[in-house]
Amino acid sequence: MPSREEIFDKVRSALVDALGVDEDDVTPTATMVGDLGAESIDFLDIVFRLEKAFNIKISRGELFPEDVLSSSEFVTDGKVTPAGIAALKARMPFADLSRFESNPSVQNFANTLTVEDMVRYVQSKVAA
Amino acid sequence: MRWFWIDRYEEFVRGRHATAVKNVSLAEEHLHDHFPGVAIMPNSLIVEGMAQAAGLLVADAIDFNRRVVLAKVAAAEFFFDAVPGDTIRFKAEVLDLKAAGSLTKVTSSVGERVQGQAELFFAHLEPGEGVPKLFETDELLRWLDQMHIYEIGRDEAGQPLARPDW
Chain A
691 MPSREEIFDK VRSALVDALG VDEDDVTPTA TMVGDLGAES IDFLDIVFRL
741 EKAFNIKISR GELFPEDVLS SSEFVTDGKV TPAGIAALKA RMPFADLSRF
791 ESNPSVQNFA NTLTVEDMVR YVQSKVAA
Chain B
2 MRWFWIDRYE EFVRGRHATA VKNVSLAEEH LHDHFPGVAI MPNSLIVEGM
52 AQAAGLLVAD AIDFNRRVVL AKVAAAEFFF DAVPGDTIRF KAEVLDLKAA
102 GSLTKVTSSV GERVQGQAEL FFAHLEPGEG VPKLFETDEL LRWLDQMHIY
152 EIGRDEAGQP LARPDW
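From first to last, the protein sequence lines are chains A and B.
Under the working numbering, think of the first position of the first sequence as 691, with each following residue one higher.
Under the working numbering, think of the first position of the second sequence as 2, with each following residue one higher.
Hint data in this document are derived by calculation from the structure and do not stem from the laboratory.
Treat the hints with caution; some may be incorrect.
Stated by the list, open to error - Below are the PhoX-like pairs computed for lysine-lysine, each with C-alpha atoms no more than 25 Å apart in a straight line:
1) B:Lys-99 - A:Lys-815
2) B:Lys-99 - A:Lys-742
3) B:Lys-106 - A:Lys-742
4) A:Lys-700 - A:Lys-742
5) A:Lys-700 - B:Lys-73
6) A:Lys-700 - B:Lys-106
7) B:Lys-73 - B:Lys-106
8) B:Lys-99 - B:Lys-134
9) B:Lys-134 - B:Lys-73
10) B:Lys-73 - A:Lys-742
Stated by the list, open to error - In silico negatives: residues of chain A with every beta carbon more than 10 Å from chain B:
11) Glu-695
12) Lys-700
13) Ala-708
14) Val-711
15) Asp-714
16) Ser-762
17) Ala-780
18) Ala-800
19) Asn-801
20) Ala-817
Fair warning: this is a prediction, and the values are worked out from it, not measured in the lab.
Ideal Cβ placement from N, Cα and C applies to all residues, glycine included.
Kindly generate the complete structure, drawing on both the sequences and the hints.
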């Protein structure tokens, strides 16, 4: 199994190619949307690149749960409900959602995912 | 009016690869101002030709059941200018294909020389995902016929492509 550093290097390379950012910008704490400027279409591009780099399969919605965030079942008045938070945690055990929980506005979610979350996600996939 | 930046396909293998040609002519009005006396085919329009060559390949592979939209141009490079009289040959290859999107690689060549290359990423959108209907079916079919897809196209097993019964 690849080391955490090896995974980080490949994730960084995928993000540099997909987002056109400098290597130096891709730090573990950088947020995907706020710091690196990822848009929704970029997540699909990133999925393609991670699948190829790590020979893994990523299902739609696994990395970026747009279906949960746009669901009337899980979102009320622009905020994710407790049931929605539970759904996000179940879907994304790799992500640290504690900060998001304190202000679960859908708009805030974009700034929740970090590069480290991506690395943890890949670690969980290659270990599976 | 639509902007067509490929004239026809020479080779079309469903879901895999295709070659399309574009003859650059001084009769094209956009070349008159780009630039007066020194006509050069803009590389931005060559990217559009690449996108049409690869986009139809992808759209056919998913049975034209989603709207194939050029979402990202990655790693585009050009090595010299194409000019009137040149025949540009676009070679498109599908690198990865999923329901929601596809990644392709396209080169443009003039004669034996590679003029440009790019990775093109397409989003496959469903109605309601922000893109209006791109074609009426009869109009699309006319374009596909004009591109000779059902004359020269083959599936992965080498069998001729069936013309859709829309």
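Q) Should the label of A:Glu-695 as a non-interface residue stand, given a Cβ cut-off of 10 Å to chain B? A) holds (26 Å)
**Q.** Hint consistency between B:Lys-106 and A:Lys-742 [alpha-carbon to alpha-carbon, up to 25 Å]
**A.** Cα-Cα ~15 Å, so holds.
Q: Quickly compare the C-alpha distance for B:Lys-99 and A:Lys-742 to 25 Å and report which way the hint goes.
A: This hinted pair holds, its Cα atoms lying about 13 Å apart.
Q.
Does A:Lys-742 sit within 25 Å of B:Lys-73, going by the straight-line distance between their CA atoms?
A. holds (18 Å)
Q) Taking C-beta pairs only, is A:Ala-817 more than 10 Å away from all of chain B? A) holds (24 Å)
Q: Verify the proposed pairing of A:Lys-700 with A:Lys-742, using a straight-line Cα cut of 25 Å.
A: With a Cα-Cα distance of about 10 Å, the restraint between A:Lys-700 and A:Lys-742 holds, given a limit of 25 Å.
Q) Beyond 10 Å from chain B, beta-carbon-wise, is A:Ala-708? A) violated (8 Å)
**Q.** Exclusion check [A:Asp-714 not at the chain B interface, CB over 10 Å]
**A.** holds (20 Å)
Q.
A cut-off of 10 Å on Cβ-Cβ distance, and A:Ser-762 was said to be off the interface with chain B. Does that hold?
A. holds (15 Å)
Q | Assertion that A:Ala-800 lies outside the chain B interface [Cβ separation over 10 Å] | A | holds (17 Å)
Q. Going straight from one Cα to the other, do A:Lys-700 and B:Lys-73 come out at no more than 25 Å?
A. holds (21 Å)
Q | Reported absence of A:Asn-801 from the contact zone with chain B (all CB gaps over 10 Å) | A | At roughly 22 Å from the nearest Cβ of chain B, A:Asn-801 sits farther out than 10 Å, so the non-interface label holds.
Hint compliance for this structure: hint 13 is the single one not met.
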